[in-house]
Amino acid sequence: MLGYLPIAIAYGVLAKQAGLSLVELTMMSVLVFAGASQFMGANMIAVGAGAAEIIVATFVLNFRQFVMSLSFMNRFRDIGRTWKVPLSLGLTDETFAVSSLHTKEAREDKGALFYLALLLTAYFSWIAGSLLGGVLGEIIPETLSQSMGIALYAMFIGLLVPSVKKELKVGLIAIIAMLINVLCSPFMSEGWAIVIGTVLGGLTGVYLLKGESES
Amino acid sequence: MIFAIIIGMSLVTMIPRLIPVYIVDKIKFPDWINRWLNAIPFAALGALIFPGIMSVKSGEPYVGIIGGIVAIILAFIGLNVILVVLGAILAVFLITVM
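As you go down the protein sequences, you meet chains F and X in turn. Numbering of the first sequence is given in my numbering, commencing with residue 166 and proceeding in unit increments. Numbering of the second sequence is given in my numbering, commencing with residue 204 and proceeding in unit increments.
Pulled out of the complex, with its shape left as it was, chain X reads as follows (with noise of 0.2 Å):
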């Protein structure tokens, strides 16, 4: 039964990923798109964050705040990404256990 949920998840992981392989060659976009589509990346990483970082811990939502306000803490003063994750963990760890 995992199994099925699971090859189902790959096959709707994997098409849309691979859809624009296809149509990407066919057409030239104006400038616009072009800008468009390069303010993607920043876009969509603001709407994973939030409001979905307040789910961190069901129910008490300035958890993943607090968490989010470490992680930019220690990404605003230039660590690497692996330091400010295990920062972050180590934050909403100690929230929890206090």
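One chain only, chain F, in its complex shape (with noise of 0.2 Å):
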């Protein structure tokens, strides 16, 4: 979970040097924390687009979570609603990803402590984290912050790469998705594209995954 902690300082070095204030741009991630629409966040104050665009374009971009977040809680039938509030709101990308590679805690006892303390760590390292690259922005040279852009996609990479090493038909779900966002890509917004390809792409699970354990 501690991964976080080099996105969030990527983060950090790029809010600040699209203009933001150090004050602003941690607000950013204790009130909004969701790594992708952050860097976009900042990249559309950046060019200066104006508040609105950026809140649909915010908007947009997080549909996606609310699939996850569906999926999340399908997990979390027996766990109790005040558990599931903050777990909801915590739902990352990226916290959805490592929890999703854990599945089996959710049934177990403890499981909503379980959750919630990996929730927790990561909300705290991306706050911490987004200050320490809001100050270093300020002193690294622009060549080395422009390559922290990769930092966000390496992190998903490396979520994905073990899942596929162990079952391949994963990979394939991963890459039709792909493929269907390339597909609507020229007609849509890239918030769009990736909802559809993550709603189509997942369906193909239901055929791929057939005959696995329902444990």
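These are computed hints drawn from the structure, not numbers from a lab. There may be inaccurate statements among the hints.
To be verified - As a list, the in silico DSSO-like pairs of lysine-lysine whose alpha-carbon atoms are at most 27 Å apart:
1) 331/F - 269/F
2) 269/F - 231/X
3) 275/F - 231/X
4) 260/X - 375/F
5) 229/X - 275/F
With the hints in hand, could you dock these two chains into one complex?
Put into structure tokens, the structure is as follows:
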């Protein structure tokens, strides 16, 4: 979960160079807590996009988390709502990916505590990392900070590859989602293409994951 | 102004995360929907990675692709996510300075 730290630092550096103050970029991490959206938000602020435009783009980009949250909550049927609300708010691409790889804890007694600890660690390292990145943003050279744009993607790859090694079909699902995303890209915004890629790509799992133990 | 943007972003981030809490209880999904929802994480990661990775450096898609390949190799040999991320950053840095 500490894998968050380099991404958060990368975000902080980029946000600082996009012209956000330290307070602003840290508050964004505290209140928004969504890696990809914050990268995008900082980027749009830098190019002078309007508030409404940024908020709508964030909503569209985040809509995938509605689907993720649905998938996530489906595993927590037995846990009370007092737990589910904070758990749902801590859901991000990264925490979702990590928690998806630890599904058995959801059925254990202290399962909710396990996830809460996971999310809180992620949350605080995200905030601390952003602040640190913001401070570093003033001193590190631009070529290095530009290179940090890869951080988010490298993390997604780092999360996906171990599952693919375990179960090749999973890689096929991911690749189909990528292709759908590419096919959709010319016709719609990036956020919607990701939503459609995720939903339709996931549908292939209905067939591909068939026959796996339904534990 | 920036704070208004942040608050707006915060709301549109929280709402989609919160709604499923209230609807999942109400319905029992058939088996195929469960399988669908289980496949969502992998599909989401796939869609998030590509083609977005090509925009790491604007106008030079191969930079992101090479960084991605480095990340795949590092992850495949079983390195920790932090090392995968640091390795990819280093690779992209080396490409851009050369």
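Outcome of the hint check:
no.: 1; hint: 331/F - 269/F; verdict: holds, 16 Å
no.: 2; hint: 269/F - 231/X; verdict: holds, 20 Å
no.: 3; hint: 275/F - 231/X; verdict: holds, 23 Å
no.: 4; hint: 260/X - 375/F; verdict: violated, 39 Å
no.: 5; hint: 229/X - 275/F; verdict: holds, 24 Å
Violated hints amount to a single one, hint 4; each of the other numbered hints is respected by the structure.
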